[in-house]
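**Student:** Residue numbers (numbering that gives the first Met the number 0), protein chains in the order written: chain A, 0 to 486; chain B, 0 to 193; chain C, 0 to 426; chain D, 0 to 250.
Hints listed in this document are in silico derivations from the structure and should not be mistaken for laboratory results. Incorrect hints may have been included.
[As the list claims (entries may be wrong)] Ranges between beta-carbon positions, derived for each pair:
| hint | chain 1 | residue 1 | chain 2 | residue 2 | range |
| --- | --- | --- | --- | --- | --- |
| 1 | D | G171 | C | P298 | 57 to 65 Å |
| 2 | C | I309 | B | K171 | 52 to 60 Å |
| 3 | B | R146 | A | L8 | 53 to 61 Å |
| 4 | A | E374 | C | I309 | 57 to 65 Å |
| 5 | B | E49 | A | K403 | 52 to 60 Å |
[What the hints assert, rightly or not] Below, computed lysine to any residue pairings styled on SDA-like, alpha-carbon distance capped at 20 Å:
| hint | chain 1 | residue 1 | chain 2 | residue 2 |
| --- | --- | --- | --- | --- |
| 6 | A | K403 | B | K94 |
| 7 | B | K24 | B | K180 |
| 8 | D | K94 | C | H134 |
| 9 | B | K180 | D | K94 |
| 10 | B | K94 | B | P108 |
| 11 | A | K189 | A | R293 |
Note that CB positions come from ideal geometry on N, CA and C, so glycine has one too.
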Amino acid sequence: MKPTRRDVLALGGGAVASVFFTPIPWKLLDDASIWTQNWSWIPQPVKGPVEWKESACALCPASCGLRVKMAGGYAVGLSGKDGALCALGYGAHQMNWHPQRLTVVRHNGQPSTWAAAEAAFQKACAEGPVAIVDGRPGRGASQVYRQFAEKTPGALYAVIRTPEEEALRPVAAIAGVPVERLGYDLENTKLVLSLSAPLLEGWGGPQRVQRLWPAMQIIQAEAELSRTGTCAARRVQIKPGSEAMLAMALAHALLDEKLATGPRPAMSLAEAAALAGVELDEVKGLARTLAAQRPSVVISARPEPAVAALNVLLGAVGAEGGIVARNGAPAPAKSMDELPGTLRAALLDSTVPWDRRPAGAQEVFRFAAWRGGDEQGWMLPAPGFLEEATDNPATGARAEALLKPPAGVKTTVAFLGGELPAAQPVESAIVPLTCKLAAWPSAAPNGQDGRTAAWTAAWTPAVLAPLATKLHQESKLMPAGGGRRQA
Amino acid sequence: MIRGLCFFLIGVAAIQVAGWVGLPKALYVTKAQPFEYRHKTHAEKSGSAECDGCHTLGADGVFAGLPKTESCAACHTEPQGKSAAEATLVSSYVKTEKETPWLVYARQPANVRFSHAIHTKRAKLACERCHGKHGESDTLRPYQENRISGYSRDIWGRSISRWKRVANEGMKMDDCEGCHKQQGFDTGCLSCHR
Amino acid sequence: MASSTLIDRRFIARGVERTGTARFAMWLAPWVLLLGVGLYAAYLCLYYGLNQTNMDNRFAFGLWIFLDLSIIALGAGAFFTGFLVYLIKMKELKAVLNSAVVLGFICYSGAMLVLAIDVGQPARAWFTFWHPNTHSMLTEVTFCISCYLVVLSLEYIPMLLKNRKLRQAPSFLAFEHQLHMLVPVLAAVGTLLSFFHQGSLGGLYGVLRGRPFAFREGFSIWPSTFFLFILSAIAVGPSFLALTTRLVEKVTGKALIPDSVYQRLGLISGLLLAFYVAAKSIDTLVWLNVTSPAVGFAPWEHYSYGQFGIWLMAAEIGLFGLVPAGLLLWPKTRASRGWLMTAAALACCGVLLNRFILTVQTLALPTLAFDEFMTYTPNWQEVATFGLVVAYGVILYSLSYRYLPLFPQEKELAGEVIEEGTHVSGR
Amino acid sequence: MKTQKPRRYGMVIDLDRCTGCGACMTACAAENNVAPGHAKATPRTGLTPMLVQRVSNGGAGADRREVFIPVTCMHCEHETPCVTVCPQQAVELDKATGIVNQMPQRCLGCRYCMTACAYHARYFNWWDPEWPVGMERTLNPGVAVRMRGVVEKCNFCHGRLHEAEDKAAAAGKAEIDPADYRPACVEACATQAIVFGDLNDPASDVRKASRHEDSFRLLARLGTEPKVYYRSKQEWVRGLAERGQQEVRRG
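Excised from the complex, chain A in its bound form (with noise of 0.2 Å):
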């Protein structure tokens, strides 16, 4: 028997009559959903439980008390420990996967080994001289790079101070205290008086004076309205780059209305309030605020011996909620500027910026974790976020390593053939302090000399920006030029 084509018809409408009646399509349909749903190509988080760590963030010298949420061995998320971390801190566990994440030595923009790299390190060292340069002195680390440049003949130790205490130095020549142990007791005061420090950028720390603000009352005077100016109590217009001169109107303004005694500076206050672009009665009425709202104090964004003489005044160094000294403060190292003319070569840790570099060093073996800035000189792969133990400088504090490295890594102490101390916690008090103003500061002050640019050009970021906070630098919130921290 031959089917014919009706036979054929038959037997298709009954099996399309009673599919309905089977799981075929309603399975396939649901099946087909459901693969709609997720599909398979979706990156998907590690799976594991998951577990809260404790540590310190690395990326800046406020070393914030972080809590991290682990999952699988994994960082997955951040929180800080003893309030808020900044826009970058909140994306950095994902900084060890950033594309250009740094894991092979490179020599003048070339792959090279870490034999090749010690053995270029090994005859610098023995030509001398050498520079270990520290970004964040105080640390355990920083023990050991002091060791090696004082057991190597021709080595120096270097340290670079953050804008802020750069800021201090006029302060710590007037006091004669070493700039290192010099701070603002910004938890006590009551009053700042900001000439363009931009104080609530991240100055000092990224969330320090957020912390403490609204509870402090901040007057900004600046040329050009920043983000502090915006939150600021009050907001004075100034001349671009007259700090100094309001700086000396007030300190005429401060003695003619008996509110602290001292010398005056030379310029008269008609001079200086006009070079600053500020009303005499303006200057009258801030220079009151600041004797009334005790205790106050002055910052300003670059070392202004103007300024400091003008916190002497107000008596506001060696009070509570001012300028303070401390004990246990690391100790005296040199300076980048103080380092000689001409370096045979420069070592220089992952805390350095990408920019500082000894002016005079002939060879640079750079650390960091991520590839960036110029290419020039020996580029070695340090661990990255989390992935080594990070001492807090102020209390000695050591937060140890919950990620593991990538193969290829080296820390710098390892490379100079140290070991990591064990972490020596830190008694830190502060000391009395006390400062009489002589004579007014004869030094020039920083006017429109073209330094403003230099300070603020010179601590850009030491890393790369999360891949989350592009999200934040594209936004229109991040002002042209991208994501300075601190100025």
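Using the hints, position chains B, C and D against chain A.
**Tutor:** Relative to the frame of chain A, chains B, C and D by itself:
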């Protein structure tokens, strides 16, 4: 006419067989677990048949899921017998400190949030309510994976029609919703999705 | 002439003249090219995602939603003619009914095509049927358009089956007859469905509480734009039909429908357009004086950005509404072929402008006090996909005209030379 | 035993405290597994469920004032525009929490909800989510990754709500401890400008702050009852609530 009816019925029969018998066979691929594991033996050896002896629930409500290799290594640093499973465990996972890629029968998709804490602690549901007598099993049953969706067959349930399923069968959204509605709990998307 | 070049003669209806095959192919060639480019653009958008377009988070809808709304409005002639012929018994309009169905089918299927490209996850589009949100205008649109497309297909199939070649299969003929008997029912169903989705396309924007430029109060769940869209669509449908038919006459050099049908279409369009202009004016006044101020938006603020000035409203209501309505209603201008076509074209432009304003201007205007006015320019992928729909329409219509009996009176009118100088020899 | 009584989560953002540091944006992106912006992404096609906008009063020199306004989903309570327009119920106003919730796996990417939102708080995934090789290991397991072609937005970090619920359940409690549930942006704010909590709870800080005389909501006249409030002592900032006649510019 009769002849036509016959062919029609043949068509009906063929598609019914294909749908009820052929489809489940064609739709699911059976995969082998990395190695044999006996819940029963482990319960006997450890002297405890409590699930949360190994599948722990933390104080913060985080369910640990499957034990890690380091838990296995507590006893199985060296093969405990001559079985192939022992050899595989020790050589491939304990020695290399790798996690065993178990195929999880009850694995839900990535966008599903299932809280063991809420269901076992607050609602006091027994593990068997959803996982059946898996803890008393002497062998790991075959893992069947849906070729289209990639899910374990347990999500749909053993029965292809989902008709008259036993209580621990089926973990689709309808199943969750059904129970939640019955018990008067939230059925908002947020409750079970992330 | 040149019947030897008619190699597809067996498919062409008896008694009508069609141009040579080669010439027809040459006519199609540029459209096929456009279709090809459009298909490539559509492939890019489906494979790489909507990042291939210039749309963004603010302009979440762009050129394509304008295209959808426009062609569906223009395609309204299909259901409205069916309604007039079968329910109002205006037998005269049977002359354009087939053409209207083809146009409707093109417009609706084109819109569906673009909608499928316009969503981010086309594979999930059918979830609307599975988990419909009955509060959403888009659900109404999806259901009605899908159902109406089925209706249009059912109306189109009998026409296909009337093809000279296909008629030769007896079962096709019987099937065609069966379907044909269904047509009045289909017309009624189609009218109902179209009524709702034309309305809900208007409602699509009218319900947007967050966009004071588009938001309108209305009756029950339907904002006033719901009714205005229906009205504007059925007002412009006959105009578009007259315009396309005239265009075909121009291109082919043949008279296809009697002048009385043009007059009738013009009159219907004119009456409805006048009614629409009145309704639209009242709606605009209510919106400017009540609805918009109630949510804190000054009446004229909406017209203070970029090129979107008050002239746009004047053009929409006056130049493209009042003027064509007058031209179509005044017997003298309606009697003139030139004025009739000018008015029809103005009316069609009016509906396009209305759809443009409601979609693009709504998204361009700021809502928050610190928002910016934003503009957007479609990129080539979007324009090419637009072209894809146009090319698809032209090709399908050309094929339908060539092989199907679109104009039943074509044979009767065959002897007439329509206008001097437009008769192209050889056609 | 029933689940917790209905809550209405909301937040009050003190604009006088916002320094525009952007930590909330980064914390939000990291918490919610937002993929890095595609190389071709622009501010108009990026994903910023929390977006801090810089707004000025249009003045120059000493007259210039600026304010930072963090804009996120307002979780509208009444006739929630995005919920009513979604054709396939992919958006939901959660009855238990008042959170407006987006289900990416249900979403077909029609973007109708984006046109419905007056706050531009909804974002489309224009690109496939891609991370540099290995970086997917930093994904937060509490939040599902979205795919290309779907809409997403702030959901008050509901992954954190789940964690709080798990913690409460493990302790045998029916109600979560309010301290355990804070969205990432709230936690990330160094100046604590954002107060978050249950607006239904008479004792909550957020309720008190929302009723402060300096508090306002953006576009409240639309009648959608947003649950995100703002506050400022500055009159010109409060004037940004509605679209007025004053000249303002985004910086």
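**Student:** Hint by hint, note whether the structure agrees.
**Tutor:** Status of each hint after checking the structure:
no., hint, result
1, G171(D) x P298(C): 57 to 65 Å, "60 Å, holds"
2, I309(C) x K171(B): 52 to 60 Å, "57 Å, holds"
3, R146(B) x L8(A): 53 to 61 Å, "32 Å, violated"
4, E374(A) x I309(C): 57 to 65 Å, "59 Å, holds"
5, E49(B) x K403(A): 52 to 60 Å, "34 Å, violated"
6, K403(A) x K94(B), "19 Å, holds"
7, K24(B) x K180(B), "33 Å, violated"
8, K94(D) x H134(C), "17 Å, holds"
9, K180(B) x K94(D), "14 Å, holds"
10, K94(B) x P108(B), "31 Å, violated"
11, K189(A) x R293(A), "6 Å, holds"
When each numbered hint is compared with the structure, violations occur for hints 3, 5, 7 and 10.
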